[in-house]
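Engineer: For reference, the chains in residue letters:
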Amino acid sequence: MVTKHEAATRGRTMEGRRKEGSDEVINAQGLLKRYGDLEAVSGIDLAVMRGEIFAFLGPNGAGKTTTVEILEGFRARTSGRVSVLGVDPAEGGPSWRERLGIVLQESNAEPGLTVRECLELYAGYYSKPRAVGETVALAGLDKQASMPAEKLSGGQRRRLDVALALVGDPELIFLDEPTTGFDPSARRKAWEVIDDLRSLGKTVFLTTHYMEEAERLADRIAVIAGGRIVAQGTPQSLGGRDRMAATIDFVLPQGVARSEIPSGVRELATERGGGRVAVRSESPLVHLACLARWALERGFDLPDLEVRRPTLEEVYLALTSETRKEKR
Amino acid sequence: MNSAALVIHQTRFDLRGFMRDRRARFFTLVLPVIFLVIFVGVFGNDPVRSGGERVSSATYFVPGIVALGIVSASFANLVMAITAQRELGVLKRRRATPVPAWVIIAGRTLAAVLTSLLVVVVLLAIGTAAYGVALPSTTIPGVLATVVLGSVALCGVGYAVSTAITSVDSAQPVVQALVLPLYFISGVFVPASSLPLGLRDLANVFPIAHLADGLRHAFDPLTTGSGIVARDIGVLLAWAVAGLLIALWRFSWVPRGSA
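Each protein sequence line maps, in turn, to chains A and B.
When you line the first sequence up against our numbering, it's residues 17 to 344, in that order.
When you line the second sequence up against our numbering, it's residues 33 to 291, in that order.
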């Protein structure tokens, strides 16, 4: 008799062979989801390559969770073509789930079980699980292994979520806001765990509200707003960030008015209160040279002068607020 | 792991969860003992009319209280646990793994059957030691068949009922509202022979009356043979099959309206 689990194992190796040569782990084309009259996701295209960390960003209500849950097989789509690990998530069975790891946005501990027992329970669901002890260590939960899962702190519980998603040794891992509510040091530790996944050759699909997290971890970013992908690229180039104007920022010395700034720079300057001036500059070197000459001639310094590229957060806010305006 | 091993794996962890859940332990293992002590205490060991015969009140109440313990172990525990697991996202997370729904259903059903057998052993031990209740040794097949089928039937019904409950808080009141009236009309607390015919007919539609009746027959010192009551076993079997089919068909990993 062929049991479901044996069949699952066979399916896995067959699918594994079929996947070789193709490097796209996730591919969506024209993915659309409608709830009644509301179009939550308006026909988006996505491609995630094997081995990359792909960050999926967007404000609440932009269609982010809907998209992720369709890719994870939790929700049905209205139309479009979707392939995750070579399988349509709407039809993915046990052999497909063998290869996936999912950290849900919200999930509670298995009632009554310790950390190690939770992992033992889950390891039993997979045909080739990672060793429980190794998974506990990977998530940094060695000290909490015999603690009841309900007694863990918020950050530790999140690490258990990650451990449970990794115990099946998946190829593709969905992380839905994995560090929400973490303190900065816990967040940094979580980033190390995610970085380790990259070095293990795993593919990670990450959603987050923290731009610093996306910038630090992601190879590529896609931004969804109003149900559409509004930008896609590397953290450095997203939304034309690499070609965007820099900001030159300084405080005018006592008794110097904005009108005294040399022409060519003055026109680009805006005052931000307290004598602070921000200059939007597409050729920062030229404008800096001009400012430096002016300051030296007048005999003062600009000690708090700062030149900044736009942060990922600024780019993100600009991208997502544009759609908000369009929608109105 | 093959399918059977996977079910046993699930059962082991469900049992562990049960053993560490103080409320479930109380309702399943402690409360029936309290009921037994109270009922025998109130009614003494005076004879009770059961069917045509007169038996000691302990002999009458032990099978009724056993039925109550099985309802708690199988139906009440399961509805509360499954509803909580679904509404709190525990099942959704399991959905992310390869485990099939039927393994979750079978694992918990097996855990309920084992817990029910434990209830029988505990109550029988107390009944024998304290109140002189004796189980005719020939009727053990009847007791086992009634307990196992009754437990499976109540699990199936439990899965069906849990799909109609949409919040953790309403699980317990719904369970009590269904179970308490049935206890009274199914001969768990008061002999069914003292009830109007209409109520008895109503009770006989549901599994609790047949669970109690089957157990009472098997515990009756005058019973000879295997103690199996074909009609009770038949009704329990029908509920078990129907319940498990409904469980498989209606099983939901996520709260309603989130798919």
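Keep in mind that a hint or two might mislead.
Label-pair distances were calculated between CB atoms; the ranges are [said to hold, decoys possible]:
1. B/Asp201 x A/Asp53: 24 to 34 Å
2. A/Lys144 x B/Ala166: 48 to 58 Å
3. A/Ser162 x B/Pro205: 29 to 39 Å
4. A/Gly102 x B/Ala36: 23 to 33 Å
5. B/Ile172 x A/Ser162: 36 to 46 Å
6. A/Asp39 x B/Val62: 55 to 65 Å
7. A/Lys159 x B/Ala36: 51 to 61 Å
8. B/Gln208 x A/Lys144: 43 to 53 Å
9. A/Ser143 x B/Ile172: 32 to 42 Å
Short, incomplete list of chain A residues facing chain B, as computed with Cβ under 7 Å [what the hints assert, rightly or not]:
10. Gly108
11. Ser123
12. Tyr141
Don't read these hints as lab results, they were simulated from the structure.
What you are looking at is a predicted structure, and each value in this text was computed from that prediction instead of being measured.
Don't be surprised by glycine CBs; every beta carbon is placed ideally from N, CA and C.
Engineer: Now tell me if each hint is right for this structure.
Structural biologist: Taking the hints in turn, this is what the structure says about them:
no., hint, verdict
1, B/Asp201 x A/Asp53: 24 to 34 Å, "32 Å, holds"
2, A/Lys144 x B/Ala166: 48 to 58 Å, "53 Å, holds"
3, A/Ser162 x B/Pro205: 29 to 39 Å, "36 Å, holds"
4, A/Gly102 x B/Ala36: 23 to 33 Å, "31 Å, holds"
5, B/Ile172 x A/Ser162: 36 to 46 Å, "40 Å, holds"
6, A/Asp39 x B/Val62: 55 to 65 Å, "60 Å, holds"
7, A/Lys159 x B/Ala36: 51 to 61 Å, "36 Å, violated"
8, B/Gln208 x A/Lys144: 43 to 53 Å, "45 Å, holds"
9, A/Ser143 x B/Ile172: 32 to 42 Å, "40 Å, holds"
10, Gly108, "10 Å, violated"
11, Ser123, "4 Å, holds"
12, Tyr141, "4 Å, holds"
Comparing the model with each earlier hint shows violations of hints 7 and 10; every other hint is respected.
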